[in-house]
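J.: Each chain is listed here by its residues.
2 protein chains.
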Amino acid sequence: MSEEAKFRWIGTRVVRPDGVDKVTGRATYGADFALPDMLWGRVLRSPHAHARILSVDTSRALAHDGVEAVITSQDLPDIPSEEAFVGEQPTNFRELSHNVMARGKVLYHGHALAAVAATTPEIAASALDLIEVDYEVLPHVLDMPAAMAASAPSLHRDLEPAGFAAGATVPPNVSRRIELGHGEPDQGFAAADVVVEREFTTKPVHQGYIEPHACLVQANPDDDITIWSSSQGHFMVRAYTAKLLGIELSKVRAIPAEIGGGFGGKTTVYLEPLAAQLSRISGRPVKMVMSREEVFRATGPALGTRIRVKMGCKQDGRLTGAEAVLHYEAGAFPGSPVQAGAMTMFAPYELEHVRVTGYDVLVNKPKTAAYRAPGAPMGAFAVETVIDELAEKLEIDPIELRLRNAARKGTQAPFGPRYREIGCVETLEALRSHPHYTAPLGPNQGRGVALGFWFNAGMQSSAGLNVNEDGSVSVISGNPDIGGSRASLALMAAEEMGIDYEKVGAWIADTASIGFSDITGGSRVTFATGMAVVEAARDVKRQLCERAAAIWEVEPERVKWVEGEARLEGEPDREPLGLVDLAQRAARTGGPISGRASLTARGVGMAFGAHICDVEVDPETGRVEVIRYTAVQDAGRAIHPSYVEGQMQGGAAQGIGWALNEEYVYDEDGKMCNPSFLDYRMPVASDLPMIDTVIVEVPNPRHPYGVRGVGEVPIVPPIPAVVNAVHAATGVRYFDLPLSPPRVLAGIEAAADRGA
Amino acid sequence: MSEEAKFRWIGTRVVRPDGVDKVTGRATYGADFALPDMLWGRVLRSPHAHARILSVDTSRALAHDGVEAVITSQDLPDIPSEEAFVGEQPTNFRELSHNVMARGKVLYHGHALAAVAATTPEIAASALDLIEVDYEVLPHVLDMPAAMAASAPSLHRDLEPAGFAAGATVPPNVSRRIELGHGEPDQGFAAADVVVEREFTTKPVHQGYIEPHACLVQANPDDDITIWSSSQGHFMVRAYTAKLLGIELSKVRAIPAEIGGGFGGKTTVYLEPLAAQLSRISGRPVKMVMSREEVFRATGPALGTRIRVKMGCKQDGRLTGAEAVLHYEAGAFPGSPVQAGAMTMFAPYELEHVRVTGYDVLVNKPKTAAYRAPGAPMGAFAVETVIDELAEKLEIDPIELRLRNAARKGTQAPFGPRYREIGCVETLEALRSHPHYTAPLGPNQGRGVALGFWFNAGMQSSAGLNVNEDGSVSVISGNPDIGGSRASLALMAAEEMGIDYEKVGAWIADTASIGFSDITGGSRVTFATGMAVVEAARDVKRQLCERAAAIWEVEPERVKWVEGEARLEGEPDREPLGLVDLAQRAARTGGPISGRASLTARGVGMAFGAHICDVEVDPETGRVEVIRYTAVQDAGRAIHPSYVEGQMQGGAAQGIGWALNEEYVYDEDGKMCNPSFLDYRMPVASDLPMIDTVIVEVPNPRHPYGVRGVGEVPIVPPIPAVVNAVHAATGVRYFDLPLSPPRVLAGIEAAADRGA
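Protein chains in written order, with the working numbering: chain A, 5 to 760; chain B, 5 to 760.
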């Protein structure tokens, strides 16, 4: 049966439920809430990259007219050093607490160390100047070689490095060592005809979401706290805020705002606990909104990496072994995504011998946060560039080389398990057959390809489905919609219920109103929350059949829900009962009809994406222009293809920015020099061609509609696709990001010098 | 077993969850919401009690700087005349629509006929003056004799009176006739030794809630509408607004505010559909807040009544028959509570012969709304005053007379069914044995007693119970908390779950987030929504046992939930698993744990209240002072006794105000002359003694915790208790409310004249 015949709603491009709100400016974001008597909170931030806080005198600020509260770490509980869980995620709340408000030391330029609440934002800002802080400035480390040098200053004296053998020498500021893989890479290299070994570096980049962090918090004297904020998970906001304030979860209600981009950067809190504490002290609601500069300086970007990759290959294109050593900057507290980088980088390939060692390294920069497929793009940059070089050396088409080694069902992943149904081969084949791949190129132009992998996540989700009195249906979930989940959940509900999509409203419920839901992240919501919606819908259909059976006075088993109505088996002449009929009679047949489901989603479908990038390089300036770009991806099944394409395009755009221009520029004092969109160069629409997309569908058999998850993998291939294209255009291999004009030009000139 | 041993939480006076918020001014009411770019809406109201709208010219208003939208009835759908249902409640949406915005005619002074939205409240107010309306003033009727006179102007030409025999002559403006009862009252009167027949009148009074109606509505161009407002039912707000705008329910989300009093007056909409339409037109959020004057003139008070009661009694105190004719003002649209008045007035008594006929009469006043036990206080006023007179004539103690005739299990109610377990006798006995009843009285003082009845309601409710990650519990319902329901629901949840009350948070979910819930009214929430909470808790306990069984790898049937923990049957040494254990392991045992229930509550427990009132009457001025007051009531079971007592005290205070001072004063043009709390005299704290309370508990066997419902019946006895007390103090019987000083003085003077 064709897909079109199989589904009525799945795979259709219905009008986006969040579209009109957003384009008309009516969507309500984190900064859009207000309450009477509201105060404005502002944060005092460290002017040093590393310093001991000798004293903080808030008395002058507190005496300032209009200032209602001032807090420092002394006004927050001192959280013991224990790892606690939110859902399945271990979180070190002591470190979180110290990041939200420095205690004892400031660890990066921009680190919060005090906050004020005042009657106007202007008063709050000027009161910051009245807080007197006595610092003992300490030496700081901004890059990993410096941080790991024997003489390096230590960020955390009580650091207990994990993953090292007993008695091993651990360099300073390394918080964790990880290792994974199987086989013996050295055996593989020995068997290889060609071995390539390269070292790569990437710079810190920011997710660059449009909406700065913002919240409004009302803490009542009996510790009932209501939080309105924009985040990727209001259950996370509730849990983190409650934990940092030592309050029970049932006392806190977190109400989600529309989110103006998160990309992983809104999976933690910065402002909410401070606003809550300021509100507790002042007895008034407190609103806090970051400036763009604060977002850059003090939230969690993707930090820098240094990656060494070695791969061996036979003449026939068969990979014989692979090895990598990863150093990932964590920022001021442990927690880089080095584990994910290690797991994903070689994941697209079938490798008998593979080993990755990774290190999480502390530096005096803001604590890193997730950024779309966290850790994976850097690894892919390294591996896919090496593969490109192997293909070049072996004179094998680069897609062909990848196909010869592509992971498939049964392949053992570097991180352990054997793959189930995956679409790596199908994705590469779609890439190869795309007309883009064979289109002619002009002078100074080059083409690159790359492959990327992301696991996708499952985790916990809850959903509800309420039948309204008029037979329309409201679907609720506990996940902020960062990329179309309201549409995909409503489509699955309509499909499952057999009713018109137009009859389904999709909404996000606050933390009191629905069961626990893990963050919106890991490309998991359409997959996992979608499963919960389907389960809730089945719960409702069961009830609808029972109601119909009661009306007809028959056994419930005789009633089936078919095409949006209850039908009585064996009696085709019996007028069916639709949702409207049953909703209107609900009061007399037992009450309102609503279903719910909470689950831990198992059976994630892993995702592969492969991209083609054409660039033109100006040999005189080194400026790289992306002139054509095609992204191919296995979505499992695209519930709403336009959103899937949007995710692919957005991921590609972010990856291109990362490859070409984006970077945190630090001065020697550890201060970021470019904390604005004027100086931090993200691609804008005019910088990019239309990103073409091809959705491949290899359904995930463990999801009722075959969903894998689509949001993250599209940021994995762009960096190497761009870098390989620049190599193709210039003949120069680049190993350090970004490929900004000076670096590209330097490469061209060095090559010319070598050639000359 | 004693109650204390039986229950750990039920019946305890835990700290009120809404208390601190309210006394510290932090509770968020309807007028407390704001959004960026918000407009302010104002309503143009009729200056006539009855007039044809010949034309409305909004062009000058629309041209006014800062005015963004102007609407009249032409901008709202013309709703067909059909009765639709919200839950089990039939609602005439055409009439509702015409009340919200006059169409063709204005029917009362204050009737809305246009609305504007402007950038400031001041501009909106001044723009109202620019709307040019051409009226043809029509004759109006302000009282029922005038309305029913043969020559009376008709409010609704298309009125189709209900309940009359075919061919019967129906007076003008009578919309409905009802009749109920059993037996032959004339037979009863023939058998009586004493017959008393009296006629009573009551004046319109307002519920007098502190918070005026207020809302904020954001309507997006794709017709997704979000409403923040204060009401007794956000599902009602959603249903009414959606219906009046012709929008599907799944498109509308109504978010409840804290409510600053409703007492039945917030069971319908006035502003929300107008704000929504103004928002649709302007594309901006619209906020509307009524002034106190608007609340008085244009919302739904309890309107005037005229009641004739005839009762016969044997010398031994046995009632032989009862008959009543009720005329209830409906205001400008049909819908007085005459049916409820007819059903309740004789309900406390066992009567072989009883008949009540009632009429719903249209007058040019605002459409009446519910007011706490709607319709009952007026009927009780009449009946309980007649009973008092019978007791006087028969020289039987008035409580004894009531006890001799008191309804009990098996008594046939005047409205049909036979009573199940009721506490009428127990309530009267508690009244009689209260020391107040035999306390001495001073000069010019008198004591009155009265008995009252209210059915209480069931209807539809939904509830959810979510187990948080830390083992605390959030209870949600779809019912605004007007009198302590968050506390009572949380107490029942704690009791049912066997956990600390402190671990339970109670919250109200918006219309998207929970199953349909009928309005908060009819004293039904602790009863009906309580049932849903208990059912949801049992759902959760079942899941908790399953999780424990999975952890222990045993059959779920072997696990029991006892005292807040899962225990393995037959293995007393097995460490039990508590909520914290199971919550922390939820992610690995199947996901979040949450339960829900939606139901139509059956098995309501009817309520009786009996009050003693002592007054002192100043014979020179006629001023009545209530000097002592005791309210006794069968609560079924008082889940949180302090809230129950608060309901009893509040009902008594409102009834006392109704008896003594409150009334709408109209001028001859049909304009209310006293639309402010300065001129409309409600009792304040200094006017009243402490209201003593005695809770009787005759559990309702059809509720898991014996709940009946407590909010309404306490307003039923006060009027006759006060009036009987004034009679006792002065020797004068009063039949017309209020007993304001001039009326009381006139009575005293007339009696003196007769005596002289």
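Just so you know, these hints were derived from the structure itself, not from any lab. We put the CB at the ideal spot given by N, CA and C, even for glycine. Please note: incorrect hints may appear among the correct ones.
Derived lysine to aspartate or glutamate pairs resembling EDC-like cross-links, with alpha carbons at most 20 Å apart [what the hints assert, rightly or not]:
1) B:Lys26 <-> A:Asp474
2) A:Lys26 <-> B:Asp228
3) B:Lys26 <-> A:Asp740
4) B:Lys26 <-> A:Asp228
5) B:Lys26 <-> A:Asp41
6) A:Lys26 <-> B:Asp757
7) A:Lys26 <-> B:Glu136
Some chain B residues well away from chain A (every beta-carbon gap over 12 Å; in silico) [what the hints assert, rightly or not]:
8) Arg20
9) Leu58
10) Ser476
11) Gly574
12) Asp622
13) Ala754
J.: Hint by hint, note whether the structure agrees.
T.: Now for the hints, and whether the structure bears them out:
| no. | hint | in the structure |
| --- | --- | --- |
| 1 | B:Lys26 <-> A:Asp474 | violated, 36 Å |
| 2 | A:Lys26 <-> B:Asp228 | holds, 12 Å |
| 3 | B:Lys26 <-> A:Asp740 | violated, 60 Å |
| 4 | B:Lys26 <-> A:Asp228 | holds, 12 Å |
| 5 | B:Lys26 <-> A:Asp41 | holds, 15 Å |
| 6 | A:Lys26 <-> B:Asp757 | violated, 78 Å |
| 7 | A:Lys26 <-> B:Glu136 | violated, 38 Å |
| 8 | Arg20 | violated, 9 Å |
| 9 | Leu58 | holds, 36 Å |
| 10 | Ser476 | violated, 4 Å |
| 11 | Gly574 | holds, 30 Å |
| 12 | Asp622 | holds, 44 Å |
| 13 | Ala754 | holds, 53 Å |
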